[in-house]
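A.B. asks: Modelling step: build the complete structure from the supplied sequences, incorporating the hints.
Those protein sequences? They're chains H and A, same order as listed. At the far end of the first sequence sits residue 306, using UniProt numbering, and the numbering has no gaps. At the far end of the second sequence sits residue 306, using UniProt numbering, and the numbering has no gaps.
Please note: incorrect hints may appear among the correct ones.
Where chain A lies over chain H, by a calculated footprint (3+ residues, C-beta under 8 Å) [what the hints assert, rightly or not]:
no., region
1, 24-37
2, 175-182
3, 213-220
4, 235-247
5, 285-293
Since the hints were made in silico from the structure, they are not lab data. Cβ coordinates follow ideal geometry from the N, Cα and C atoms, glycine included.
There are 2 protein chains.
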Amino acid sequence: MTSFPVPTMPAPPVGVVGLGQLGGSLAAALVAAGRQVTGWDVDPAAREAAATRGVRTARELTGIVVLAVPLPAMAAALEGLDVDPDATVTDLGSVKAPVLAELGSALGGRYVGGHPMCGTERSGPEATDPGLFTGARWALCLEPGTELPRWLRVAEVALAVGAEVVPATAAEHDDAVAAVSHVPHLLAAALAAAAGDAGPLALALAAGSFRDGTRVIGSDPGFVTAMVQGNAGPTTAALARVLEQLARPWPELVAAGHAVRAGGPAGRRPVRVPLERAALLSLGRAGGAVTRRLAAFVEGYVPDVG
Amino acid sequence: MTSFPVPTMPAPPVGVVGLGQLGGSLAAALVAAGRQVTGWDVDPAAREAAATRGVRTARELTGIVVLAVPLPAMAAALEGLDVDPDATVTDLGSVKAPVLAELGSALGGRYVGGHPMCGTERSGPEATDPGLFTGARWALCLEPGTELPRWLRVAEVALAVGAEVVPATAAEHDDAVAAVSHVPHLLAAALAAAAGDAGPLALALAAGSFRDGTRVIGSDPGFVTAMVQGNAGPTTAALARVLEQLARPWPELVAAGHAVRAGGPAGRRPVRVPLERAALLSLGRAGGAVTRRLAAFVEGYVPDVG
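C.D. replies: Right, dumping it as structure tokens:
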């Protein structure tokens, strides 16, 4: 068993920058979990909403600093704030390679990219829900330069609010979310736009399959555009793979899609994974996740296909 | 006001052929609405399930005969049954031009094609739900040769179980459902199949947008394949229109899709429509529906875009 310098107790304080749906929910969930949380938002109303949930608001941030701001605001998110120069910085952005490129050069091994796979088509502090992360997967990036003890500290934050941690590189993450999140947004937009062109009769006959297939494009268009454009390369490639599927004979296509949707793992097999980058990334590539941290390894699971 | 020979009371009995999810639910809902209902299914278990809901089961059918069988079984659905030669025959099939071609030649004006826009990814008699039609749109086909009094009698059946009746020609219906139902099934299949190829990490990170975007391909693949292949021409054309949308610049595409999804009518404006084929079809083309029948006209609504 490898013996890494694992973090020692007590858990560090958490600073949350941006108190909209994701940041506000995270700050509230961490308060509920007994963690010391400081929050900041440029919008006084968002600060006030967080304060009513027990979040201390201030510009001085230390420990683990979570950037919960939209992608275009990420690079400048710490401007005007007083951040401990040894703080670990993580974010909740929906693409990871561009944020790594922006923040990684300045922060080096202190930056740990993250992406909780949750959130709804609602946004803003009024959509705050401390239970938002319960049971959600939370991708946490492990690059060659990531300092592992800092990665574990950020993982603790995700585990503390009920999420499961999926280790991945930024590039792996971006390819994966292009396929399962960004392309679905584009398909939903195209489906809705084409049905709109088809006219009122078509929209009047729209039922469950149209409602489900277009729900996600109810989200703020600025947010969706920033997300797909921020992951343009992987999304273009993933969209091309969907178009290839659409060119297959329909019985084949329907059978293949049904098999993926109806299939899925039979269960979860508990595993212990040593605190090594390669082992953690293998866990993520197998579809597994970290569910608990112990002394010299993490506990998690991989899908049981048996 | 036109004075058509509107149907006289009492409402005719209904025969339902096929007692799976749709037929079983319709028969049960009609029993609950006080209509006289006879049902038949080749499967004794389906007949037994219907009987427990108060449906009389027999091979002798009269009045309005509803074919609630899968598309491939439609042409032979009445074989072995004793059907009144003056019965009005309707169906619940998800495509209408092919069924019209098959049944219309033999039945002429006695055939009225129908398609309730409901049902779930579940199927079979165990998915029976008498509330399935409440609030659903029910497309009802008006061809040049359709006998209007028969159309109104079938419309009464739809209204009796809580649906709203959308008048359309078979060709209009098939174009519309290609855009809002059949293409969504193909997109869901392609999305799921491509994500499956992307691997376990992608599926592990799949969240709401993937779940919603693929839900409909959880349906029985044989049913989905029969549906899209039974409407191959309109579905191919509608899919091509979606692919055109996907070739637009993403900010434009996202804005256009969001506008359709977030838009929709501001309300419903009540209207009275004379009992004429052209007026009824205009109502359907405007996105309206029939909600109630009176003596010499139908009451319905059109979307209020004001």
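A.B. asks: With reference to the structure, classify each hint as holding or not holding.
C.D. replies: Taking the hints in turn, this is what the structure says about them:
no., hint, result
1, 24-37, "violated (count 0)"
2, 175-182, "holds (count 6)"
3, 213-220, "holds (count 7)"
4, 235-247, "holds (count 8)"
5, 285-293, "holds (count 5)"
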